[in-house]
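Q: If you want the building blocks of each chain, they are given just below.
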Amino acid sequence: MAESMAGGKQSLVDTVLSQTEDQQLRTTNVENEELIELDEGNLLAINENKTDTKDFKKKGENILLSLTRDATQALFNSLWKIPVEQKDGAYLITLPEQKTWMPREKPVPKKKAPTKWEEYAKSKGILNKKKSRMVWDDQSQQYKPRWGYNRANDDTKDWVIEVPDNADPFEDQFEKRKTAKKERVAKNELQRLRNVARTQKKKVPGIGLAPTEQPSKDHLSKALAVAHKSTASIGKFTDRLPKEKPSKFTGKKRKFEPSIGNLGNEKEKQLKVLDSVSKKVPTINVTKAANRMLRQDEEKRAQDKQSKKTPKKLKGRKASLGLGKPGRQGGGNKKTRGKRKR
Amino acid sequence: MRPLTEEETNTFFEKLSKYIGENIKLLIDRQDGSYCFRLHKDRVYYMSEEQLKIGSSAAGESLLSIGSCFGKFTKSGKFHLHVTALDYLAPYAKHKVWLKPSAEQQFLYGHHIMKSGLGRLTEDTEQYQGVIVYNMNDLPLGFGVAAKSTQACRNCDPMTIVVFHQADTGQYIRDEDTLT
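Line order of the protein sequences matches chains A and B.
Residue numbers for the first sequence follow UniProt numbering, beginning at 1 and rising by one.
Residue numbers for the second sequence follow UniProt numbering, beginning at 1 and rising by one.
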């Protein structure tokens, strides 16, 4: 009985299965599977099967649908070949590497603009040396962070500071250290802001004139220019000194003539300049006049010399100085006699 | 490349007039075409209008030289003449110095001119007047500044410097890399 029951059930299942196979469930077979290109990583299937144009006109969209169905089926067939794992009642597979590279959705992020220091370091070939985060702290005999909270070698925790040589003994060294630190921080912040302004191509605001210990001549003239302008009317009514030169630091930009402009006009301008240059030469040349006087004197002396040479008799000093005839010797008084003549 | 400003023209002409006086006019106002001075990288170049037009199509950074260089402006705004200007200075020279053949080489090596090397000298040259230096065959060798006036030259001894060296044609070899 049981056997017959079993046999009857079996036949029933078979018949049902055969019926469903034929009518309700569709096949997982795909025709021309080798022509379908699969990319499981992207869940992508490309069907390269060709369709007949006549067929397409007759059947229309159905052909497209069947092509799509083939491709999708082929994709899922291959997906089921990947080892499946079960987790919390769900089937999971790990997709392989993608074969087709998709274009990015968003543009590639722009590189961060280098800071002024980074630019400088690059131009000089300075490389960043990696330093360890932890540093040995001698006082506490353990490793501590290089910076930040609970840092090693923290000089703000010093309870006494040695007064350096040549320093004012009444100066507060703690205060000095604190202000130095504050200034460093402020400078760094200013440079950071400048970097930001530079990358956004905005005008970097000037900080005016910082006080210096040894102001230069340039510094002083800058300070003067700033002081001139620091009135309610931007220096329009500021009195000038009688022979004051216009400041170099007016902030005005130089303007030049175009390179290829009116050449005739340019020539005229240059001739005008030439006129003014030639006028500068003084009409009475002092050195020239002095030279002329010297020359006249010289000529006169030369004439005198010649006229004095003519008398034959020369006595005393004149003869000893060599003004007389070259052959004659031993003139003059006892003192000069016999001495070498120059 | 740009034309000189009025201030620059002034300093430039003042320097030129020490050598060629009012003959600068002959450089500006030429019969054979229009010529001009242009400033490029602090150097003053003298060129014809055609050269200017061709040269202005070149990018400023890549333009090395155009026409002939007269000299350069220093950072403090003074003007220095270069040897390359000699071709234009020599024909219009106001004051000249001729060198003895023995002193020629010394000058071409960049030394000052001593009285012993002096062949001839233009009459009434003042002290610190720009002079063009020639050899005895009237070939321009360079230029300099008179250290002594003609009058003072007569009475000085042979080893005193008479003309300060400024530029000589030997620089074409010595300063080949910096001349433009």
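Think of the hints as simulated: they come from the structure by calculation, not from any bench.
A few of these clues could be false.
What the hints assert, rightly or not - Okay, the calculated bits of chain B under chain A, using three or more residues with CB under 8 Å as the criterion:
id : segment
1  : 8-18
2  : 30-39
3  : 49-57
4  : 140-149
For every residue, glycine included, the Cβ atom is placed at its ideal position computed from N, Cα and C.
Q: Run every hint past the structure and note whether it holds.
A: Hint check:
Coverage of the segment 8-18 of chain B by chain A holds. Counting CB-CB distances below 8 Å, 5 residues qualify, and the rule asks for three or more. With a threshold of 8 Å between beta carbons, the proposed coverage of the segment 30-39 of chain B by chain A holds, since 4 of its residues qualify and at least three are required. A stretch counts as covered by a chain when three or more of its residues have a beta carbon under 8 Å from one of that chain; for the segment 49-57 of chain B and chain A the count is 4, and the coverage holds. Coverage of the segment 140-149 of chain B by chain A is violated [criterion: at least 3 residues with CB-CB distance below 8 Å; count 1].
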